[in-house]
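Student: Given the sequences, and given the hints that come with them, work out the whole structure.
There are 2 protein chains.
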Amino acid sequence: MDNNEIEINKPKTNKKSKAKMMSLKIIPLGGLGEIGKNMTAFEYDNEIIVIDCGLAFPDEDLYGIDIVIPDVTYLIKNKDKVKGIFITHGHEDHIGGLPYILKQINIPVYGTKLSLGLIELKLKEHAILSDCTLNMVEPAETVNLDKFKIEYIRNNHSIPDSCSIALHTPVGVVVHSGDFKVDFTPIDGKVMDLQRYAQLGKKGVLLLMADSTNSLHKGYTMSEKTVGETLENLFSKATGRIIVSTFASNVHRLQQISNCAVKYGRKIAFSGRGMENVSEVARELGYLVIPEDMVISLDQIKNYPNDKLTIVTTGSQGESMAALTRIAASTHKYIQIFEDDMVIISATPIPGNEKAVSNVVNELIEKGANVIYKSIEEIHVSGHACEQELRLIQALLKPKFFIPVHGEYKHLITHAKIAQSMGIDKDNTFILENGDVLELTRNSGKITGKVPFGRVLVDGMGVGDIGNMVLRDRKNLAENGIITVVIAIDRRNKVIISGPDIVSRGFVYVRNSEELIDEVRNIVTDVVEKCLDKNITQWAEIKNGIRREVDNFVYMKMKRKPMILPVIVEI
Amino acid sequence: MDNNEIEINKPKTNKKSKAKMMSLKIIPLGGLGEIGKNMTAFEYDNEIIVIDCGLAFPDEDLYGIDIVIPDVTYLIKNKDKVKGIFITHGHEDHIGGLPYILKQINIPVYGTKLSLGLIELKLKEHAILSDCTLNMVEPAETVNLDKFKIEYIRNNHSIPDSCSIALHTPVGVVVHSGDFKVDFTPIDGKVMDLQRYAQLGKKGVLLLMADSTNSLHKGYTMSEKTVGETLENLFSKATGRIIVSTFASNVHRLQQISNCAVKYGRKIAFSGRGMENVSEVARELGYLVIPEDMVISLDQIKNYPNDKLTIVTTGSQGESMAALTRIAASTHKYIQIFEDDMVIISATPIPGNEKAVSNVVNELIEKGANVIYKSIEEIHVSGHACEQELRLIQALLKPKFFIPVHGEYKHLITHAKIAQSMGIDKDNTFILENGDVLELTRNSGKITGKVPFGRVLVDGMGVGDIGNMVLRDRKNLAENGIITVVIAIDRRNKVIISGPDIVSRGFVYVRNSEELIDEVRNIVTDVVEKCLDKNITQWAEIKNGIRREVDNFVYMKMKRKPMILPVIVEI
Numbered sequence: 001m002d003n004n005e006i007e008i009n010k011p012k013t014n015k016k017s018k019a020k021m022m023s024l025k026i027i028p029l030g031g032l033g034e035i036g037k038n039m040t041a042f043e044y045d046n047e048i049i050v051i052d053c054g055l056a057f058p059d060e061d062l063y064g065i066d067i068v069i070p071d072v073t074y075l076i077k078n079k080d081k082v083k084g085i086f087i088t089h090g091h092e093d094h095i096g097g098l099p100y101i102l103k104q105i106n107i108p109v110y111g112t113k114l115s116l117g118l119i120e121l122k123l124k125e126h127a128i129l130s131d132c133t134l135n136m137v138e139p140a141e142t143v144n145l146d147k148f149k150i151e152y153i154r155n156n157h158s159i160p161d162s163c164s165i166a167l168h169t170p171v172g173v174v175v176h177s178g179d180f181k182v183d184f185t186p187i188d189g190k191v192m193d194l195q196r197y198a199q200l201g202k203k204g205v206l207l208l209m210a211d212s213t214n215s216l217h218k219g220y221t222m223s224e225k226t227v228g229e230t231l232e233n234l235f236s237k238a239t240g241r242i243i244v245s246t247f248a249s250n251v252h253r254l255q256q257i258s259n260c261a262v263k264y265g266r267k268i269a270f271s272g273r274g275m276e277n278v279s280e281v282a283r284e285l286g287y288l289v290i291p292e293d294m295v296i297s298l299d300q301i302k303n304y305p306n307d308k309l310t311i312v313t314t315g316s317q318g319e320s321m322a323a324l325t326r327i328a329a330s331t332h333k334y335i336q337i338f339e340d341d342m343v344i345i346s347a348t349p350i351p352g353n354e355k356a357v358s359n360v361v362n363e364l365i366e367k368g369a370n371v372i373y374k375s376i377e378e379i380h381v382s383g384h385a386c387e388q389e390l391r392l393i394q395a396l397l398k399p400k401f402f403i404p405v406h407g408e409y410k411h412l413i414t415h416a417k418i419a420q421s422m423g424i425d426k427d428n429t430f431i432l433e434n435g436d437v438l439e440l441t442r443n444s445g446k447i448t449g450k451v452p453f454g455r456v457l458v459d460g461m462g463v464g465d466i467g468n469m470v471l472r473d474r475k476n477l478a479e480n481g482i483i484t485v486v487i488a489i490d491r492r493n494k495v496i497i498s499g500p501d502i503v504s505r506g507f508v509y510v511r512n513s514e515e516l517i518d519e520v521r522n523i524v525t526d527v528v529e530k531c532l533d534k535n536i537t538q539w540a541e542i543k544n545g546i547r548r549e550v551d552n553f554v555y556m557k558m559k560r561k562p563m564i565l566p567v568i569v570e571i
Numbered sequence: 001m002d003n004n005e006i007e008i009n010k011p012k013t014n015k016k017s018k019a020k021m022m023s024l025k026i027i028p029l030g031g032l033g034e035i036g037k038n039m040t041a042f043e044y045d046n047e048i049i050v051i052d053c054g055l056a057f058p059d060e061d062l063y064g065i066d067i068v069i070p071d072v073t074y075l076i077k078n079k080d081k082v083k084g085i086f087i088t089h090g091h092e093d094h095i096g097g098l099p100y101i102l103k104q105i106n107i108p109v110y111g112t113k114l115s116l117g118l119i120e121l122k123l124k125e126h127a128i129l130s131d132c133t134l135n136m137v138e139p140a141e142t143v144n145l146d147k148f149k150i151e152y153i154r155n156n157h158s159i160p161d162s163c164s165i166a167l168h169t170p171v172g173v174v175v176h177s178g179d180f181k182v183d184f185t186p187i188d189g190k191v192m193d194l195q196r197y198a199q200l201g202k203k204g205v206l207l208l209m210a211d212s213t214n215s216l217h218k219g220y221t222m223s224e225k226t227v228g229e230t231l232e233n234l235f236s237k238a239t240g241r242i243i244v245s246t247f248a249s250n251v252h253r254l255q256q257i258s259n260c261a262v263k264y265g266r267k268i269a270f271s272g273r274g275m276e277n278v279s280e281v282a283r284e285l286g287y288l289v290i291p292e293d294m295v296i297s298l299d300q301i302k303n304y305p306n307d308k309l310t311i312v313t314t315g316s317q318g319e320s321m322a323a324l325t326r327i328a329a330s331t332h333k334y335i336q337i338f339e340d341d342m343v344i345i346s347a348t349p350i351p352g353n354e355k356a357v358s359n360v361v362n363e364l365i366e367k368g369a370n371v372i373y374k375s376i377e378e379i380h381v382s383g384h385a386c387e388q389e390l391r392l393i394q395a396l397l398k399p400k401f402f403i404p405v406h407g408e409y410k411h412l413i414t415h416a417k418i419a420q421s422m423g424i425d426k427d428n429t430f431i432l433e434n435g436d437v438l439e440l441t442r443n444s445g446k447i448t449g450k451v452p453f454g455r456v457l458v459d460g461m462g463v464g465d466i467g468n469m470v471l472r473d474r475k476n477l478a479e480n481g482i483i484t485v486v487i488a489i490d491r492r493n494k495v496i497i498s499g500p501d502i503v504s505r506g507f508v509y510v511r512n513s514e515e516l517i518d519e520v521r522n523i524v525t526d527v528v529e530k531c532l533d534k535n536i537t538q539w540a541e542i543k544n545g546i547r548r549e550v551d552n553f554v555y556m557k558m559k560r561k562p563m564i565l566p567v568i569v570e571i
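Heads up: the protein sequence lines correspond to chains L and S, in order.
Everything in the first sequence is counted per the UniProt record's numbering, starting at 1 for the first residue and increasing by one.
Everything in the second sequence is counted per the UniProt record's numbering, starting at 1 for the first residue and increasing by one.
Simulated from the structure, these hints should not be mistaken for lab results.
Being a predicted model, the structure only gives us computed values, none of them experimental.
Virtual Cβ for every residue (Gly too), placed ideally from N, Cα, C.
A portion of the hints provided could be inaccurate.
To be verified - Going by beta-carbon spacing under 10 Å, a handful of chain S positions derived as facing chain L:
hint, residue
1, Val173
2, Gly189
3, Gln195
4, Gln199
5, Glu366
6, Ile376
7, His411
8, Gly467
9, Asp473
10, Gly481
11, Ile482
12, Lys494
13, Leu532
Tutor: Okay, structure coming up:
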């Protein structure tokens, strides 16, 4: 029996060596293999912290769904361990899940001032603000927990107060870039803290997790300031009103638009609920600075001449209810398009929104506006790092391990290759999926398990109650409509007493299809009478027969497959 | 009484001067204010001819619709006048409406050899080929009718045998560009007939109608040949199979892919119904030339090593049933993705398809394929003229009047401005909408009326039977589902005999919502009993009550608005 074995038989004295062996678990719950709902859990021993808690907007196959949030079953199961959610910045895909998830599990939330301001808005709307704990962190500040120290490091992004996080853990330093770009001339003058990146790199970084959104794009992302130059050029030429549509949360952009407006003596009105809310919070907190007398409300615009007005509005994505869309469709309460309006769409369509944006552009042009959009002027820059910036942070941090995050598979794999070309070992690069458990020690990493993950669908007040079956039904209803067949049967005497009544929706325009409906009625009567004659009184069997026969008939006749819904009323 | 009045009172002798005064009517039935379903009617006296007869693919708000075709009510009303449909080239948005419209009104169809080959395929599928008259026209040939002479002029486009049309009319020459680009190094060596354009311009062109698709793009469209160079480079590097996805109708592209395959000793297999059909027709007619022994069928690919195979497939738009989509989803009968496959997507997503294509790319990469797509290599060029080419044909033709065609409003207006900057009078530029009747004389043009126009929806066998009401229902069903409420009432005794039965689809997963359904049942019972107590036996009134109360309850409870469908069975 040698010393080693003795050690093993003495668990009480084993504490130190066990701690040494413990690994850091990294569990992405969202944001991998997709754009949106970013959320990652880090677990060491009895401590879990979470970075970000975002939402995703539904794909078009998610009929009727409002938003999508991550599955946090794992956090709920381990709720005693979860010490905090650390928010990198205030975009929807990083904070939008909070109201739903804080209702399920009340965890302290940490973030910078503007992020918390935007989170407060949300929690107020959901009437849970007073139940939640929000802790402000300054860039360069560190939150000390038992196992984790969470250090905020300023970066640049399309919203002020955005940070990367250096997570100091017992196995080493993990840097999570958050969403970022490197802007050498940011609007607020606060360049990303590259020195701290370098310092961490010098000391040794175990793992980098970095934003992959723009990994397919070569070169550098342009500075936000370049948009200001284009804007100023446009403002100098406009003769009528200027209507600018952009993301409400892009406070830097709002600042640049406001600066131009002020310079050219134009009052500024904010339009759209998101724009009104964010501009108010940003002004209150000092992130958006506009002379008080230059801001007016929408109902005042009629008091000013056109060339003294700038309207800043939501709707840059062609969202059906957003202000710009309503302006284009002439359904906005305060704003109609005039002949000499200049409309600037200072954004790029998010994939999937191209057609909607194009429709809005066409409507605006048809109404006489001079519409300035991406194809015409460089009126938007991305908030995400391109290849050269991704290389820069690799060079500064020189991490041992690398996980590309925030992106679809094509973005992740391209980012992994970039990292490998900068010297990261292929075996030390992990392309994870949501729910993967990566266990990391000082020397090795391995996927060791899977936790519940996936998309939780929010529809109205319902969170997670819409499943695949309901979605499948909605898809079928959307494409083919429904035929409801109601028939009343006297079970004892085995006769039809009433019906069949045929009611359809989304199938055919009934007034032109009376003949067809009559035929369906006859088919149903036939099926039911045959069943009753054969003494079949299992309603399920009769219903199956109705479904089958009506389905066959309609498909043969029309090559369509409406949902068939038989209802038997038993008297 | 002066001479003029005498003339007016002598209609018989008025013939010549009346003919002099007669104007050419130009009536776009599709393709204006939209991309797709191109179709224009030209009318002079008792003669109508039509250029093109296309389809459009449905927008996402057209739930369940297969395709969209133009409204040809005007042609049907004037069918004795209609002498022919003249097809410029064989793309769906120029020929896809033919099978539907020829069923309604049998008109001779004219086109070049490949166009007719592709039209034959369609008419066979619809089993009407033998009823139709197809007339082949060679480029540079003219069809002489009574009032119109229709001259075919070769142009370049992303399909061989594409032509512009010079329409010689009593009021002057109208040039319709068709879809075109100017390719100085086309694959078939046949450069657009710019000399004929110049000659017509020299003699005098009354009106130009030209393709606006790419009017927002500066510069020139690259030659199809440049794609060949990129392809060859990729073929030289591939170690496994090469799978190329492109538009089946882009026979030039198929030729270039085949040339590369032959050069590198790879057999060629065509995958997807469209690809198989078009490649067969194109080979039969001599537009696609591949050595017989190099083409194999899909079931033979297993007999060849990977580096001796090229698969050419449909699905470049991520269409859900297309071959590449099925390959990516591992549901294709013959083709699974291997680790060393190179997949080349030689196309750009059509607006609206971006997300679907991106999903296919991600799935292919996840399965290990090396996917080459637009963001990575210049693997596609457009078939449409950019600004400089549009200027070139203006310079050659120097038309008096101009109508930009084939494009959304933003394309049309930009094209109009390009034409005006080339010297066309603003008053001589007409931005038309579908259905407009433009009357043109030698000296003036004027919109004088409107004919029926719009989108006729094709769903299965139904053409035009789906209207706005059905679409509105489908949208509502898609987003919210349906609750069917069935109740049997004894009218004489004014009591409920059975029900209410509540059946929902696409609303909630019923097993988790029993309580909710119970509440709905109680609400319905309440409403009905109250009505019956009050002697209300108007079913419509009771139904309205049910709808209102259930709607309110569900919205209050869930913030959702399912369709409520009450059915009362009267016993």
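Student: Next step is simple, just say for each hint if it's right about the structure.
Tutor: Here is what the structure says about each hint:
| no. | hint | in the structure |
| --- | --- | --- |
| 1 | Val173 | violated (31 Å) |
| 2 | Gly189 | violated (33 Å) |
| 3 | Gln195 | violated (33 Å) |
| 4 | Gln199 | violated (35 Å) |
| 5 | Glu366 | holds (5 Å) |
| 6 | Ile376 | holds (8 Å) |
| 7 | His411 | holds (9 Å) |
| 8 | Gly467 | holds (5 Å) |
| 9 | Asp473 | holds (4 Å) |
| 10 | Gly481 | holds (6 Å) |
| 11 | Ile482 | holds (6 Å) |
| 12 | Lys494 | violated (16 Å) |
| 13 | Leu532 | violated (17 Å) |
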